[in-house]
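Asks: Given next are the chains, with one letter for each unit.
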Amino acid sequence: MTNTVTHKHVHDDQDHKTHGLKRWFYATNHKDIGTMYLVFACVLFFLGGAMALVIRAELFQPGLQFVDPGFYNSMTTMHALLMIFGAVMPAWTGLANWMVPMQVGAPDMALPRLNNFSFWLLPFAFTLLLLTLFVPGGAPAGGWTLYPPLSLQAGDSFPLTIFSIHLMGISSILAAINVIVTILNMRAPGLGLLNMPLFCWTWLITAYLLIAVMPVLAGAVTMLLTDHFFGTAFFTASGGGDPVMFQHLFWFFGHPEVYILILPAFGVISEIIPTFSRKPLFGYQSMVYATASIAFLSFIVWAHHMFTVGMPLAGQLFFMLSTMLIAVPTGVKVFNWCATMWKGSISFETPMLFAVAFLFLFTMGGLSGLMLAIVPADFQYHDSYFVVAHFHYVLVPGAVFAIMAGVYYWLPKWTGRMYNEKVGKLHFWLSAIGVNVLFFPQHFLGLAGMPRRIPDYSTQFADWNSVSSVGAFIFGFSQLLFVYVIWSAVRSGEKAAVRPWESARGLEWELPTPAPYHSWETPPSQGVIAKGSMR
Amino acid sequence: MNERADSNRRLTLRLLGFAAGAFAFGFALVPLYDVLCDITGVGNPKDLLRASTVQAVEHDDSRLVTVEFLADLPSVGSWEFRPVVTEIKVHPGRLYEVDYFAHNLTGRDTVAQAVPNIAPSKATGYFRKTECFCFVPQKFAKGEQRVMPVRFVVDPNLPKSLDRLTLSYVFYDNSTRVAALKD
Chain X
1 MTNTVTHKHV
11 HDDQDHKTHG
21 LKRWFYATNH
31 KDIGTMYLVF
41 ACVLFFLGGA
51 MALVIRAELF
61 QPGLQFVDPG
71 FYNSMTTMHA
81 LLMIFGAVMP
91 AWTGLANWMV
101 PMQVGAPDMA
111 LPRLNNFSFW
121 LLPFAFTLLL
131 LTLFVPGGAP
141 AGGWTLYPPL
151 SLQAGDSFPL
161 TIFSIHLMGI
171 SSILAAINVI
181 VTILNMRAPG
191 LGLLNMPLFC
201 WTWLITAYLL
211 IAVMPVLAGA
221 VTMLLTDHFF
231 GTAFFTASGG
241 GDPVMFQHLF
251 WFFGHPEVYI
261 LILPAFGVIS
271 EIIPTFSRKP
281 LFGYQSMVYA
291 TASIAFLSFI
301 VWAHHMFTVG
311 MPLAGQLFFM
321 LSTMLIAVPT
331 GVKVFNWCAT
341 MWKGSISFET
351 PMLFAVAFLF
361 LFTMGGLSGL
371 MLAIVPADFQ
381 YHDSYFVVAH
391 FHYVLVPGAV
401 FAIMAGVYYW
411 LPKWTGRMYN
421 EKVGKLHFWL
431 SAIGVNVLFF
441 PQHFLGLAGM
451 PRRIPDYSTQ
461 FADWNSVSSV
471 GAFIFGFSQL
481 LFVYVIWSAV
491 RSGEKAAVRP
501 WESARGLEWE
511 LPTPAPYHSW
521 ETPPSQGVIA
531 KGSMR
Chain L
1 MNERADSNRR
11 LTLRLLGFAA
21 GAFAFGFALV
31 PLYDVLCDIT
41 GVGNPKDLLR
51 ASTVQAVEHD
61 DSRLVTVEFL
71 ADLPSVGSWE
81 FRPVVTEIKV
91 HPGRLYEVDY
101 FAHNLTGRDT
111 VAQAVPNIAP
121 SKATGYFRKT
131 ECFCFVPQKF
141 AKGEQRVMPV
151 RFVVDPNLPK
161 SLDRLTLSYV
171 FYDNSTRVAA
181 LKD
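Sequence lines, in order, name chains X and L.
FYI, my numbering numbers position 385 of the first sequence as 385, with every residue one higher than the one before it.
FYI, my numbering numbers position 99 of the second sequence as 99, with every residue one higher than the one before it.
Chain L extracted, bound-state conformation:
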């Protein structure tokens, strides 16, 4: 009888360990998710928030790629946010600069964070931003309006099947979160 109680206890502890492992695995999936996005070609979303260093590369002036610019707000009314031009044609390998316009209508001093996205997703790895207002949180005084630049190069290795990319930003008002991150 005691032997059975012992083996029950051992098996129970092993199974509890298994469940604890599964709980840890759930959290391990968070970094794994970024890795998976990277290797499946969706592109690591965190890379979009980092500046890339661009080597001096060959321009491909024979090829034209259209880049469209979009702006989204998570809710209507508290911000004005839009690209200054909505699309340009670019030669892969050359550096371009475009502007986004933002106007703080929240009625207070605040901080906003732009989150970029590239469509189609398989182009994500070929779109290099050397400077972007999305790299750091943007401080806005009450009622302030300004244009913010983004500089980018489209990699000449961009698959030939693509001739149109979309860069979109969602502009989040996030004073509490950004303040919390800074301290």
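Chain X extracted, bound-state conformation:
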């Protein structure tokens, strides 16, 4: 009892947040840390995007125009590392920080100080990585997959890259542990696991993937490090090692990693589509089981990235068929989303527009993935622009669109202010058109035989490349609208209602708007839980 009394007393002076820089350096509040993650992701998204525009400017026409081939290769490598580890993963962690405690009825993340530590590792990790642009030999240029022996031949950037990956790994493992503990231990009494919003479910499963595979990547890059500096021969053929083993280790991490990037997107989309279709999510439980199946399958399909490296026929068949099997749970999800929209009274606000575009374009990326799973076809497509088109379709109008949909969807709850719907829609249409002009022609280029990671190309590829580059600049610059629309909402947006979307469900919508600095200090009552429950 005394406890609650002191609590009330402390609460009297409003939010008792520390002010100035201290608030951010010593942050333990999940909303502050979530905001820092999201801002960090946004900065890195623009840095990585600028690198992508260097690539597309160089490829606008055949021949070498702007940069030398070595720097071009650095751009492809750094673009990938920045976008995957610096933009998409921190954005998901930021959304998890904001939403998971609010959605499970917890006052904060379970381990607030660890939360601070896992965020602040990131600026150091990426400072190390970006420093490589200025060291002798230039930034890593052997591809984000770091295959030896090429990656071992990098200049001074090599140890910086490895240590930066170590830091990113530690950061995301700690963040994942925090999410798991929060979801498993901090749920409001009476909120069952199968009553949680799907965003919590997909993040729970993602977090397990993270702690299972990030350490394997850390191990693999440590082996690279000792091969380079301490005379071990894990991957050095002359010492009895096998470079192909690195590829197995890497993709044992790398394939689950692509689901780490996309599973939380499934969660966000599963929240937005029901809200704007004004119907509950179709097949909630099957969504949970489908997510879990995808996560399980992700561990046994890695070698489909390596068909051309050579493996026994039985291996090729196994990895081909298990890869195609992933289409089944993914199909369950896509059909569930369609069934949710079926006969709903749908309205198309910006979050819904992004969600519908996700549904359509992610499925296209999934289908080209299915084509790549076919071994004999993969021999043709491997390392071509078809692969580039495939993974950009699942990552940009897939993961990135879902992040943007989530930001538009929850922004009124976070800030208490509405974004400008007109600018939001303009941002959506420019992005959706830009992204397709950018990536769709790359399918044609790949099928026609244009290899990836090449700064110059044969003239027969010129037309589609210039179309693709035009799309890249449309897409890239229209993201400035995204920053503008958020900025103007925060500064001078209209006041948002407590329930800005009238059919939104989930505990976060039972909180006042804007969400108070400390939410759910007293757990939600059974009545509130029942109202916010997913069932």
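Take these hints with a grain of salt, some might be off.
To be verified - Which chain X residues face chain L? A few, computed with CB under 10 Å, are given here:
#, residue
1, Ala-110
2, Leu-114
3, Leu-174
4, Ile-177
5, Val-181
6, Thr-182
7, Tyr-208
8, Ala-212
9, Val-213
10, Met-214
11, Leu-217
12, Thr-222
13, Ala-237
14, Ser-238
15, Asp-242
16, Gly-310
Derived by calculation from the structure, the hints in this document are not laboratory data.
C-beta: ideal position from N, C-alpha, C; glycine also.
Place chain L on chain X using the hints.
Replies: Here is chain L on its own, set in the frame of chain X:
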């Protein structure tokens, strides 16, 4: 409240243990990889660097298998390295000897290590070398040139579908690494 902190701590430690286990698993995959190569028939690559003892076996003089010899260098210019003959026809079960020629153009005394490979990979287990210059690092004086022998038997149990094997070597100049291994 304390109970919750306790259970948070327990779960956190368990998950940290899980992550540590995953890190260890990454390293455990290194020996597992060799085992997997063995049982999937790719052949343990480390076996190619070891001498096999060959039992007196039946020759199969009715069968002829072509063995091709290849030589690769990781970079151009510092070595000359090639097989003396590029292919021979062999009877499974009989012992043959062929030579590789190497010439040190690095301009210093050095040590080189040849790393063998058999194609197609499912033949790896049927190709037995009783002696090979790849078993030990080869010392070369500055400018030295010499021929180095390899003796082998093709196992008569070689699947009937195969009538052509390729033995290839990559010849690595590796003075620092080999010196480090020796001490």
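Asks: Does each hint fit the structure? Answer for all of them.
Replies: Results for each hint:
The criterion of a C-beta within 10 Å of any C-beta in chain L is met by Ala-110/X, whose closest approach is roughly 5 Å, and the hint holds. Evaluation of the Leu-114/X hint against chain L yields a held restraint, the C-beta minimum of about 8 Å falling below 10 Å. With 10 Å as the threshold, the beta carbon of Leu-174/X comes within range of chain L, its nearest partner Cβ sitting at about 9 Å, so the hint holds. Hint on Ile-177/X holds. Least Cβ distance to chain L is approximately 4 Å, under the 10 Å limit.
A distance limit of 10 Å between C-beta atoms decides the matter here; for Val-181/X the minimum to chain L is near 5 Å, and the interface restraint holds. For the restraint placing Thr-182/X at the interface with chain L, the shortest Cβ-Cβ distance is roughly 9 Å, inside the 10 Å limit, so the hint holds. For Tyr-208/X, the interface hint holds, the least distance from its beta-carbon to any beta-carbon of chain L being 9 Å, beneath 10 Å. Below 10 Å, beta-carbon pairs count as interface contacts, and Ala-212/X has one with chain L at about 5 Å; its hint therefore holds.
Hint status for Val-213/X: holds, given a least beta-carbon distance of 7 Å to chain L, under 10 Å. Hint status for Met-214/X relative to chain L: holds, with the closest Cβ pair at about 8 Å, below 10 Å. Because the beta carbon of Leu-217/X sits about 8 Å from the nearest beta carbon in chain L, less than 10 Å, this interface hint is met. Because the smallest distance between the Cβ of Thr-222/X and any Cβ of chain L comes to about 8 Å, under 10 Å, the interface hint for this residue holds.
With its C-beta approaching chain L no nearer than about 5 Å, Ala-237/X sits inside the 10 Å limit, and its interface hint holds. For Ser-238/X, the interface hint holds, the least distance from its beta-carbon to any beta-carbon of chain L being 3 Å, beneath 10 Å. The restraint placing Asp-242/X at the interface with chain L holds, with a minimum CB-CB distance near 6 Å, inside the 10 Å limit. Taking 10 Å as the C-beta cut-off, the interface hint given for Gly-310/X holds, the closest approach to chain L being about 7 Å.
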